[in-house]
Amino acid sequence: MRCVVGIDLGSTTTKAVMLDEEGVVVGRGITNSRSNYEVACAVARDEAHTAARFAFVERAAQALDGPGAELARQKLDELHGAFRLELFLAELEALRVTMHASLSRSFVHRERRAELAPAIGAIVDGIRERAPADFLPGAARKSDFFRDLAGAAFVAGAEARAREGGPPFEQLVGVFDRAILDVETRRLSRDIPDLLRRASARVWQRDEGAGLPLRRALDRVVESASAETLEEIVFVGTGYGRQTLPFPKEAVRSEILCHGRGAHRVCPGTRTVLDIGGQDTKAIQVDAGGVVTSFQMNDRCAAGCGRYLGYIADELSLGLHELGPLALQSTRTVKVCSTCTVFASAELRERLALGQKREDILAGLHRAIMVRAMSLLARSGGVFDEFTFTGGVCNNPMAVKVLRELVAENYGAGVTINTDPNSIYMGALGAALFALDDLRAGVNLVTPAFAREAS
Amino acid sequence: MSHPHDDPAGAVLARARALCEDMTFAEVRAWKGANPGRLVIGHMPIYSPRPLLEALGCLPIAIHGGGDQLEIIRGDSYFQSYICHIPRSTIELAVSGRLDAFDGMLFPSICDVIRNLGGMWQMLFPEKYSAYLDLPQNFDMAVGGRFYAQELRRIAGELTARGASALDQARLRDAIRDENARRAALRALDEVRVETPWLIRASEAYVAARAGGLMLAREHTALLQELVARVKERDAQPYDNVRVVVTGSFCEQPPLDLIVALEKAGCDIVDDDFMLGLRMIEGDIDEERPSGDLLDALAAAYLERGAATASRYIGAGENGAALLQKVKDCRADGVVFAAASFCDPALLDQPMLEAALGAAGVPFTSFKFAENTGQFQVIREQAGAFSDSVKLWGAA
Amino acid sequence: MSQTKPSENKAAKDASQDRQKRMIAGHFDKLSRAKEEGKKVVYTFVPGNLVELITSLGMLPVLPEINALQSGMRKLSGGFINEAERGGHSEDVCAYVKCDIGMMKKGNIGPTGLPLPEPDLLLLSYTGCFTFMKWFELLKQHYKCPVVMLHVPYQSNGEITEEMRAYVVRQLVDTVIPALEAVAGKKLDPTVLADTLARSREAEHDLVKVWESAKHRPSPIDGYFGGVYYVGPIFSAFRGGEDAVAYYRELRSEVEARMASGEGPVTPDGPSAKERYRLVVEGPPSWTHFFDFWRMFAREGATVVASTYTRVGGLYDGGFRHDPERPLESLADYCLGCYTNLSLPKRVELLERYVREYDADGFMINSVKSCNSFSVGQLLMLRQLEERTGVAGGFVESDLVDPRYFGKANIENRVQSFLQMLDARRQRSAS
Amino acid sequence: MTQLLSAGIDLGSSAVKVAVVRSRAGQEVEVLATSVQRIRRRMMHEVASAAFDEACGAAGVTRRQLCYVASTGEGEAPGLTTGHFYGITSHGRGGAVLCPEARAALDIGALHARAIKIDERGKVLGHRMTSQCASGSGQFLENIARYLGVPIEDVGALSLTAQAPEDVSSICAVLAETDVINMVSRGITTADILAGIHESIAGRLAKLLRSVGAEGAVVLTGGLAQNAGIARALESLVSEEKGKFKSLRVVAPPDAQCAGAIGAAALAAQRYTQLSRAGRLGALSQERAG
Ligand SMILES: Nc1ncnc2c1ncn2[C@@H]1O[C@H](COP(=O)(O)OP(=O)(O)O)[C@@H](O)[C@H]1O
Ligand SMILES: Nc1ncnc2c1ncn2[C@@H]1O[C@H](COP(=O)(O)OP(=O)(O)O)[C@@H](O)[C@H]1O
Ligand code: SF4
Ligand code: SF4
Ligand code: SF4
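Residue numbers (this note's numbering), protein chains in the order written: chain A, 1 to 455; chain B, 1 to 396; chain C, 1 to 431; chain D, 1 to 290.
Since the hints were made in silico from the structure, they are not lab data.
Quick caveat: nothing in here was measured; it's all calculated off a predicted structure.
Be careful, since some hints might not be right.
[Stated by the list, open to error] With a straight-line Cα cutoff of 27 Å, these simulated BS3-like cross-link-like pairs (lysine-lysine) come out:
| no. | chain 1 | residue 1 | chain 2 | residue 2 |
| --- | --- | --- | --- | --- |
| 1 | C | 209 | C | 21 |
| 2 | B | 264 | A | 357 |
| 3 | D | 123 | B | 328 |
| 4 | C | 144 | B | 326 |
| 5 | B | 328 | C | 144 |
Given only the sequences and the hints, what does the whole structure look like? Please build it.
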């Protein structure tokens with residue numbers, strides 16, 4: 001299959017969307033943006049590639065008949081989880097090796113090495129042991145990113161160690177922080193067929209009762225999905241870091257255009273788009289064809305963007321996923337003044353010390369952010385029907401709720417507000433649509449090195 | 001003391017405060033209902049010819065932005081982040097319909113922000129009356145005075161054309177008398193504050209004065225007189241505080257909590273430049289004029305007795321002289337500069353005032369605020385350090 | 001069509017540029033010798049400046065705003081601003097003032113490296129900007145010389161009334177001219193003034209022709225980035241002088257030659273790319289990053305066909321001319337008619353006219369932090385213009401001379417997004 | 001005159017610091033003990049009493065022997081204290097105790113930095129604080145350090161090993177983090193990145209110092225004083241300055257983080273003496289009640 005790829009290199013996350021020649025989405029991938037942009041976009045693309053493979057798996061499973069076919073279909077989610085687990089474990093091992101290596105390299109840690117090394121080994125072993133449970137269908141994970149998952153588990157492990165009289169918490173975490181950087185700036189090669197085989201082995205081994213039929217069925221699915229070719233031919237990049245993408249200038253599009261186009265593709269009635277990402281907020285007006293007619297962005301100061309929520313979550317030792325749901329429990333919104341990312345944590349602490357409730361303060365913080373966004377929208381011309389909310393913060397249910405209220409208060413209840421589970425991919429989708437234009441126009445663009453080497 | 005039941009002044013203060021905090025302007029609506037056909041004219045802070053408006057049968061309403069309770073949603077979309085706060089909240093009030101009962105707005109010449117806000121008004125609300133009132137910076141009665149009287153006459157004419165009463169010297173004289181009476185009442189209140197600051201907090205005097213921008217002078221005089229009588233019944237003791245003059249907030253107003261925070265940090269605010277819309281003229285306005293035209297009285301009051309603010313041209317390099325006089329008059333230990341963030345006039349004035357204070361050995365401290373600031377920690381620190389220092393080491 | 005070769009054109013371009021350079025060098029040279037030669041020096045502001053009065057009395061004008069912008073271009077402003085801020089000036093206020101005060105504190109060395117003389121008089125023509133008043137109050141504290149205030153009323157209703165004109169003329173007669181005469185030590189000679197005003201008028205006429213050349217496709221000038229050079233002499237010390245007349249005559253013929261040969265403007269990287277976008281710009285440029293900013297447009301083939309910043313020192317293409325027949329009235333009208341003294345609705349009308357008359361594809365607002373006079377209301381202007389003209393507007397924020405407020409990556413992002421948006425809209429309307 | 005025992009409790013945003021001192025009316029101050037406890041999500045008053053007990057224990061005094069306990073800093077410690085001094089006052093005084101020749105104190109804490117000009121008694125003559133933005137504070141450095149995987153205690157030492165400090169341009173703490181991410185990806189060494197950040201922070205601090213007109217010796221107080229990189233970067237910056245700032249000298253005493261607490265303790269004794277002379281000791285418990 002021939003595909004085009006759009007990559008949105010954001011300040012916090014990097015997204016990739018693959019379209020086939022008909023413009024149908026075949027895969028989406030996301031990873032956290034890290035210090036090495038090239039790796040970030042390669043990994044996002046790997047993820048999209050993986051997702052596309054899973055689409056093949058799904059298709060193969062649907063086409064399957066014979067003994068074990070039905071059971072194999074039921075096990076698809078589990079297979080997916082097991083696949084993720086394999087990836088996780090591979091990265092975990094890489095992390096382990098890196099941490100040990102950094103112990104001998106860093107002069108800061110060298111003297112305490114004898115004490116730190118065994119503790120680190122034990123923590124990693126513990127994570128390894130508990131990992132499979134996190135990847136069973138239905139298990140609640142705080143994030144999908146290795147950095148977050150491993151980070152949370154490591155911090156918990158380090159805390160426990162420190163409490164039991166092991167090496168100090170901050171030193172352990174320091175080793176992790178250093179090593180995760182290294183791990184993230186390397187791209188682990190992903191042999192998808194092999195990982196699939198191992199994942200499938202995990203699944204049938206777990207269910208001994210099902211026996212050989214399940215194993216055979218899964219094998220067939222895996223083999224047939226692995227056999228399909230996947231060729232990426234045109235790339236277009238966008239996003240905050242797009243200038244640093246390893247793409248030629250012609251293959252880079254403004255994020256404003258991409259977000260507008262992506263949102264319009266998903267919700268064709270869209271006239272106004274609000275995108276709240278990690279470090280910037282954009283308000284975009286598009287015409288009936290998805291062409292941008294005006295826009296405003298907030299990019300000089302990171303106040304009130306996704307990062308802000310990240311800091312708050314850190315401050316409360318919560319996952320980003322948990323922030324919105326907790327705020328939803330509020331009964332009384334506290335008026336919060338700081339939208340400055342740095343001072344917000346201080347204000348949070350101050351208010352907690354005053355005895356105000358976590359959820360009420362959080363509700364206030366969410367409101368403060370959305371009020372800022374409303375004012376940007378007003379600046380760009382207002383809110384028109386239909387209105388589509390995109391970007392990472394759209395995954396936060398409290399943000400969505402507050403936005404709905406504010407739009408109703410200020411622009412009437414008649415405005416349709418679209419959100420989409422794939423909102424975070426709008427920019428990448430828009431970029432992919434531009435790539436499709438290029439493909440159709442016969443523009444012959446160089447594919448980046450990382451894509452050639454992978455396919 | 002804030003309990004209205006135990007505090008003799010509680011009720012009158014609560015009324016004033018409620019009035020200041022009511023961003024729906026319910027009383028204005030009520031007045032309009034009771035006085036059909038008469039006009040409600042809003043005006044921005046600093047000098048506004050309120051007696052003239054009253055003489056034309058209008059209700060002048062001072063607009064001081066939206067304070068710290070108003071949520072700014074559309075207002076921000078009209079102003080870049082480096083512009084002060086008051087125009088945003090003022091626009092917010094208008095576009096959210098809160099000023100619907102108003103028939104017009106006056107934008108006196110305070111600074112370029114207010115000047116351009118007037119232009120924005122013309123574009124946003126073409127159906128409403130709006131006028132920019134150019135205050136002369138030439139203080140010669142024959143030149144600037146003439147121009148100014150013409151400006152006032154123009155505005156009076158325009159309002160009359162919109163349904164206000166015609167300009168009438170007798171009514172203008174009455175309005176000037178009412179205004180002079182209000183000034184006397186304000187002076188009486190100020191005197192209580194200077195002589196016995198423990199009887200009335202600056203934050204209390206503030207709401208009492210500010211409420212005056214929302215009613216006719218005559219009513220305000222009654223309110224002030226009652227307040228002065230009531231606070232004298234209070235049974236309060238002196239605090240171990242330092243005496244300060246607050247300056248710099250003549251236009252955008254600090255949130256009330258900020259004034260309270262200053263007091264809590266150990267400062268008695270014995271004089272300030274809040275609310276200059278009512279205090280811009282020092283002394284009385286003439287009730288007679290040789291020319292027979294009382295517009296000249298308003299012009300002369302502005303030219304000859306206008307208080308020194310950053311909006312007014314100070315010619316002879318005497319910046320700071322008026323402030324030093326104030327410090328002396330109210331026996332202050334020091335000065336607190338509290339200017340709105342991004343307020344060019346106040347902030348450009350400040351180094352000159354500081355130089356004057358420094359030369360006279362008067363201690364000072366300075367900080368910036370926005371009308372909706374919710375964090376006072378830095379301000380408390382600075383004011384606290386200031387009062388600590390005066391207290392621990394004596395003045396200066 | 002003319003057969004002028006590009007190389008000859010380049011030489012021609014250099015001629016007016018060189019002339020301007022020589023004029024400036026000569027002026028600062030004179031200033032550095034002013035004290036020893038007993039020449040009196042008057043500091044004053046660009047909008048509504050009364051250089052004709054100053055030069056007719058044989059005195060030399062200094063324009064602190066021009067010094068500040070030159071400091072910005074030479075990357076000295078950051079240091080000057082720091083100097084002023086350490087002296088107690090706020091980060092929030094207009095950076096021109098701080099730049100000037102910093103420069104003064106560091107010895108008042110002018111843009112050509114020669115020291116500037118202290119003022120004998122500060123002529124505070126208070127036109128279109130509140131900050132001017134504070135600026136000279138501050139200078140007054142330092143120099144202790146006399147200040148004369150000319151209060152120019154604001155055109156709040158979009159017109160110059162008889163009362164306003166009379167008020168200004170009255171101040172000219174009663175205060176300004178006597179103050180100038182007192183410093184100059186002589187009386188103003190009406191015939192000298194009339195001759196000076198006549199020369200102003202001549203130069204103004206040629207400048208208008210230069211502006212109007214941008215209606216041609218491709219435009220032979222960039223009316224913003226290039227335009228700020230064109231207004232140099234007429235906004236500052238030279239208006240009313242022989243030099244200015246010669247400069248504008250020369251400039252006009254160069255521009256007409258380029259127009260005839262179908263050439264575009266000259267950009268920092270040589271001849272311009274093919275004209276792809278025609279823009280109208282509102283707001284002053286960022287001086288500290290002037291060339292970076294210019295390149296963001298020039299590289300993409302975006303030419304500015306008209307701008308309002310180049311009208312702050314006089315709206316000549318609106319018909320105004322200095323007039324030897326009505327000397328004082330025309331000076332009053334000049335002060336009253338500066339761009340920043342126009343009401344906001346009038347500013348929008350002017351921009352709308354430019355978009356139409358110059359057939360622009362879009363307009364761009366550069367909103368500078370320093371300048372409340374320019375900036376307050378620009379977001380509303382943006383919306384109004386989009387509505388009235390149907391062309392797209394872009395908005396960027398920076399500062400005149402405070403380098404801290406030029407976020408290159410952000411501005412580039414916005415400019416590119418804006419131009420790509422124009423493309424997308426164009427493609428749409430084509431299909 | 002008799003020797004007085006007094007204590008100061010500095011309730012900061014990241015740590016509580018306590019000092020117990022002996023003095024004559026707040027002069028000739030001798031520090032008996034100090035203690036520092038990081039707050040880390042604990043309740044402020046618990047941390048405060050723990051730290052207070054720790055310091056009293058180390059000094060070998062009981063609560064009742066202390067004539068006056070003063071709080072300072074942002075928090076409150078009801079029940080423990082007699083009165084309160086503001087951070088600027090106490091850091092100024094504490095700076096003078098730790099470094100008698102200092103004529104300015106520079107307090108760099110977790111969220112704010114402030115420059116304080118003092119006289120020989122530690123009396124505040126003038127001060128400036130960083131405004132709204134948090135860049136240039138301890139919290140900012142902690143975030144960066146965490147990102148780079150360097151323990152905060154080692155950040156300073158590491159920055160000193162830099163070969164070619166990298167310029168940090170962003171004024172915003174958050175955007176500066178992005179700058180750092182970029183630098184890591186360009187292969188800049190941790191030491192060079194840290195050095196660049198230290199220089200940018202030092203630049204801000206130097207500006208603050210100049211704005212109060214500091215001269216002579218400057219004593220660093222607050223948590224960041226323990227960071228040798230800051231002291232060095234600041235020193236090289238102010239000694240490079242031409243003209244009137246040539247004479248600036250930066251001193252980072254070992255007990256710097258407790259300067260606020262020490263200053264508060266000294267002022268406590270001073271205020272006690274002042275009040276007892278004025279016969280107003282009875283009013284002590286009501287101090288600041290208004
Ligand atoms: N599941 C989630 N729940 C809540 N917030 C989320 C979630 N996922 C992402 N976010 C928010 O989205 C932000 C990233 O948004 P994104 O659009 O990817 O930004 P960018 O394009 O700038 O990288 C994060 O900072 C985070 O606050
Ligand atoms: N050993 C250390 N080395 C370097 N920096 C330190 C050290 N200990 C604390 N800090 C820094 O000092 C800051 C806390 O300073 P402190 O003055 O206690 O702040 P606050 O009073 O606001 O709590 C922390 O943010 C941290 O960055
Ligand atoms: S606060 Fe200052 S800058 Fe803002 S409108 Fe008022 S006077 Fe003007
Ligand atoms: S505010 Fe604007 S017009 Fe006034 S001095 Fe500054 S830059 Fe010039
Ligand atoms: S530190 Fe806070 S206020 Fe400052 S620029 Fe960053 S987010 Fe904005």
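Hint check:
Restraint check for residue 209 of chain C and residue 21 of chain C: the C-alpha separation of about 22 Å stays at or below 27 Å, so the hint holds. Our distance criterion of 27 Å between C-alpha atoms is met by residue 264 of chain B and residue 357 of chain A, whose separation comes to about 26 Å. Distance hint between residue 123 of chain D and residue 328 of chain B is fulfilled; the C-alpha atoms sit about 24 Å from each other, no more than 27 Å. Proximity of residue 144 of chain C to residue 326 of chain B is assessed by CA-CA distance (about 25 Å); at most 27 Å being required, the pair is judged to hold.
A threshold of 27 Å between alpha carbons decides the hint, and for residue 328 of chain B with residue 144 of chain C the separation of about 26 Å falls inside it, so the pair holds.
Hint compliance for this structure: no hint is broken.
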